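Line order of the protein sequences matches chains A and B.
Counting from 1, one number per residue, gives the positions in the first sequence under my numbering.
Counting from 1, one number per residue, gives the positions in the second sequence under my numbering.
In short, the hints are calculated from the structure, not lab data.
None of the values given here were measured: they were computed from a predicted structure.
Backbone N, C-alpha and C define an ideal beta-carbon position, used for all residues, glycine too.
Listed next, with one range per pair, are the computed distances between beta-carbon atoms:
id, chain 1, residue 1, chain 2, residue 2, range
1, B, Lys179, A, Leu219, 37 to 43 Å
2, A, Ile510, B, Leu29, 48 to 54 Å
3, B, Val6, A, Leu398, 55 to 61 Å
Counterexamples of contact, computed for chain A against chain B with all Cβ distances above 10 Å:
id, residue
4, Pro67
5, Val82
6, Glu83
7, Leu91
8, Ala223
9, Val263
10, Ala356
11, Met365
12, Gly386
13, Gln408
14, Glu496
15, Ala519
16, Met523
17, Asp527
18, Arg566
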Amino acid sequence: MKFLRTIILIVGLLALMGTSLAQRGRDGNLDLLYWQAVSILNPYLSGGTKDIYGSSIVLEPLARYAPDGSFVPFLAAEIPTVENGGIAEDLTSITWKLRDDVVWSDGTPFTAADVVFTGEYCMNDEAGCTARNFFNDIESIEALDDHTVHITFSVPKPFPYSAFVSAESPILQRAQFADCIGVRAQACSAQNFGPIGTGPFVVRDFRPNDVVTYEANELFREADKPAFQTVTLKGGGDAASAARAVLETGEADWAWNLQVDPVVLAQMEAAGIGQLTSSFGTSVERILVNFTNVDASLGNDRGEYMDGNNPHPILADLRVRQALSMAIDREILVEIGYGPTGTTTCNIIPAPEIYASSANDDCLMQDVEGANALLDEAGWERGADGVRVKDGRRFSLLYQTSTNAVRQDFQALIKEWWEELGVEVELRNIDAGVFFGNDPSSPDTYGKFWADVQMFTSSAAGTDVEAYANRWTCGEISGRQNQWLGNNQHRWCESEYDALSDQLAQTVDIDERAELIKAMNDMLVQDVAVMPLVHRADVSARANSLMGTQKQSWDSELWNIADWYRGQ
Amino acid sequence: MARFLVRRLLVAIPTLIAISFIIFAVLDLAPGDPTGNLPLTIPAEVREQVRRSLGVDDPFLIKYAKWARQFFVYEPISLFENATGITFPGQEGRLRILSWQTRSPVSDLIVQRLPQTLWVVGLAYLLGIVIAIPVGVYSAYRQYSIFDQVGTLVSMIGFSVPTFFTGLLAIIVFSVHLKWFPSIYDTTLVVRDWPSFVQQLRQMIMPVTVLAFFNASQLSRFMRSTMLDNIHQDYARTARSKGLKERVVILQHVLRNSLIPVVTLIALGIPGVFTGAIITEQIFRVNGLGDLLIRGIYNSDIPLVQTITFMFAVLIVFFNILADVAYGYLDPRIRYV
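Please model the entire structure based on the sequences and the hints provided.
Pasting the structure below:
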């Protein structure tokens, strides 16, 4: 009897502890460190990933990506598919069923009207909405009832999950933003700094470009979450000191985007109080090959495609491009620049898994001899100073990239390898703000690409790589007529590739899509329009005591912050 | 004196207008794009829309006129309204200078950043002066003594080692190894009781020391050399031969004369306090005005950079006048006409 009583007592105590353990706000404060500080908490007007992540704690989309690239419903009751009738058979519409138990943090109910409003907000061309392309081809967004939203497309959409999906396209509250449509969006500081959301936290205090403090949302739909009462998102400093604050001094629990020398990171990690956590998206560091002549003497025609009548004097020859790619030792690049935070790749589309081609893996072996033989065959002969010459033209390349320690290391290494081939290489690095900017009057933008080769990292948005693959179609060629804003900066044009792209737009079956995407990837890589170098991971650091994190690259890394908690 | 002041102030107006125009022109001509730091997944057409919504591609003169009107008319009105609570009728629709990164009024950002900059950079400046003057005076008085030699060595180190090195060194020693002080400055900390005051001291100690060391090194060398210039002058010998105490000779005669160039230097350095210390602020994440400015530059946030740089220009002009006025008090020979 006494034994039984003890058991009951113990069970009772455990149950009590259980409830107290599962209380909202039980774990106090969570310190996040973003060396690029958050500037604005409205992702539709954001200036970068940091703003999108900062707002993802508060604002929620209908669905988010999971770490494996699948979808998880957030404000939607389920993910619409053709099978469950959520997507029309002809792929021209999608119907989202919303959860009916969600309230905004001010207590008012979340309804389909908010979703429709968010669409109007971003699709207004005066607003300068940075997620405008998530709403491409949308004809109308209507609320069928309070908890059903129907989106009609002007063309069949094999992948209709872009509007209202992921941290880049969350739902804004209509009541709060009603006066911020169009041009007025810019001056709505109060709204942009303190958006009312449905997420696990609410904004308590926001100091632009410095610090954001959040508090647990008392009306969050899961009673026992979030585990943290407050979140402090501090900004400023640089990546190395952010890593130090988590891995060595323990002043922060989580630090974002740590592109730091791998040796330094490993030393910091050895202190044993935190660890690196990384995930791979589609980010690939690559070298773009220019297919047009960028000789300054061409004047207005410099770098213009001109229907293929302005070919690059050296790089138009496939053998030359192959030789340049073969001379690169990708393993060494990864070792020096990225360590565990990158891996070699021969594909420009290395992920998700189903899209990754295995047809190009021989690029992993450096082959200087073979490269030299190819150049000999192409008619480039070594001159007296070791630099190859053909028809009186020296094999001389201008190689540009943005200013960044790792990129300058890469430039130096690759220059050395290319010099072994008898190629003269001039290096140039340009401030990132200028290089990636689109100032049409600047000669140094990556869009103009007035150099022979250039290097940077780019990636697809989310898991659907169709829009990304379409960047290399002929219609996307950048030039004067589109103020150098085309996405095909190297002016590479193959009708066969365009045909694949057209076919992709008509294809629904996921396996067929994968085959097409692989074919497009192989064509780009095998024609050496582009030389993939490193498949880059997104790296963050977390304190050992911080549990429940699931780092990912498809959506905000803070996507499941409601599930984070403090372990022992 | 009054006439001098009025004349100087009147001359300052066209100077400042010219400066504002030059700054604007330089910033406008500089390459850079506020959408340059957006993720590359955002297509070019969308960037174009963002730029249009910010008014980036407006003609130069229109942009300048807009800014000038906002700076010289709208911002003062807003400041006045916020300070007094009185609202001007018919002014509701006016647009304030909005930062491109945050879409919020630039003056709000500046007001938000000012406290930590004044605390850290201002205190370091004060501390630097308080250390430098006695050290400089004594070093000159006892030239080539041990004190002077050590002082010279220390100030040479302080002067030639950059703050990004001393700052990092301080963090590694005192934050990483000894764990005495935090390496992250908490700008939200409000001092309301003893523990929070101690916390404020702890977080200020490293950035203030690093900066004060740098300031003191610079100023003490200058103080020492002007003291040396004066200490061997005839008037000092006259004072001594009159039988004045050594203390009076040094502090009332020599020091007063030596202070003239030092005061100018100090006055001209004060505007620098307001723009903050870019590097030190970044290392310790103080996030004051220096950090605001440098991030504005990185992100081509032209309205923000323009406003801060122009305010800097105003301060420089103002403190120049102030230094001239201070001359008159220190040196009765100077007359203003």
